[in-house]
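> The residues making up each chain are set out below.
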Amino acid sequence: RHSSGRRRHREPVGDCCPPGDGVPMRCQQVSVLYFARSAELAGLRCETLSVPRQITSLQLWEEIVKVHPRLAVIQDQVIFAVRQEYVLLGDQLLVLQPGDEVAIIPPISGG
Amino acid sequence: MDESEEVPKDFIKLKCEKLSVDEVSELVISPYCGAVSLFIGTTRNNFEGKKVIHLEYEAYTSMAETEIKKICRDIREKWPSVQHIAVHHRLGVVPITEASVIIAVSSPHRAESLDAVMYCINTLKASVPIWKKEIYEDEYSWKENKECFWANSEK
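These protein sequence lines map, in sequence, to chains A and B. Going letter by letter, the first sequence gives residues 1 to 111 in the numbering used here. Going letter by letter, the second sequence gives residues 1 to 155 in the numbering used here.
In case anyone wonders, no lab produced these hints; they're calculated from the structure. Small disclaimer: the values here were computed from a predicted structure and weren't measured. A virtual CB, placed ideally from N, CA and C, is assigned to each residue, including glycine. A few of these clues could be false.
Per label pair, the in silico range of CB-to-CB distance [said to hold, decoys possible]:
#, chain 1, residue 1, chain 2, residue 2, range
1, B, GLU26, A, GLY43, 41 to 49 Å
2, B, LYS70, A, GLU40, 22 to 30 Å
3, B, HIS54, A, ARG83, 31 to 39 Å
A short list of chain B residues far from chain A (calculated; beta carbon distances all over 12 Å) [claimed, not checked]:
#, residue
4, GLU6
5, GLU26
6, PRO31
7, GLY34
8, LYS50
9, PRO108
10, ARG110
11, TYR136
Incomplete in silico selection of chain B near chain A, CB under 8 Å [unchecked claim]:
#, residue
12, GLY41
13, VAL101
14, TRP150
Please construct the entire structure, taking both the sequences and the accompanying hints into account.
Encoded structure:
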């Protein structure tokens, strides 16, 4: 979806959703799911967030912590599940599609 | 008898109701199998001196089912003679002594089903997105399986 029809060259992630830019061209609406302790800290179980289409997993975490600062305390213990595949918080580049599911995964304790 | 006539099946269920050992073991029984091996995970009433009132489980349900399916696929690669696999995990409140997980595996001879059951519960604890909260008298605690590689607190 392009709101203006222009193609932009690759920009730093921080410029992706500048204020006053109308519909951000390079952001995607993803579903973020919170479980266990992360749901308690965020105060909710799911929401839609607008995030840059290309983003490292650590940057994605930082975007989420901006919205829910209380999550910062569990940064060293969580990983993501992006489209139901586990992803560590780090340099891995994610290419997100609209509607993708991103889950915050605290240490598991099934069985 | 042609052993390939019975299609191997995986029975995976996450549910809030009480689990049944009879139901789970009957799922995997097969006329081609001489062994059914079972694991039952039950809730203990204490942890580090604290009295546990009950457990509560939650899951990323769709991914948990997918991960359990992957474990079943791995089991069939490692132990090709395994016939049927059943994994039932309870969600929500689980009272003390009740089962939170039941795993049953059938195979023609006992070694494969015994090994497969152990592999199944060990791998479930390492990879399936299910979380357990222990409720004590005055507080609660989210548990972390030692098998979970991202729970390492020594980072």
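> If a hint holds in the structure, say so; if it doesn't, say that too.
Quick rundown of the hints versus the structure:
| no. | hint | verdict |
| --- | --- | --- |
| 1 | GLU26(B) x GLY43(A): 41 to 49 Å | holds, 43 Å |
| 2 | LYS70(B) x GLU40(A): 22 to 30 Å | holds, 28 Å |
| 3 | HIS54(B) x ARG83(A): 31 to 39 Å | holds, 34 Å |
| 4 | GLU6 | holds, 28 Å |
| 5 | GLU26 | holds, 22 Å |
| 6 | PRO31 | holds, 30 Å |
| 7 | GLY34 | holds, 27 Å |
| 8 | LYS50 | holds, 16 Å |
| 9 | PRO108 | holds, 27 Å |
| 10 | ARG110 | holds, 22 Å |
| 11 | TYR136 | holds, 15 Å |
| 12 | GLY41 | holds, 5 Å |
| 13 | VAL101 | holds, 5 Å |
| 14 | TRP150 | holds, 5 Å |
In summary, the structure agrees with every hint in the numbered list given earlier.
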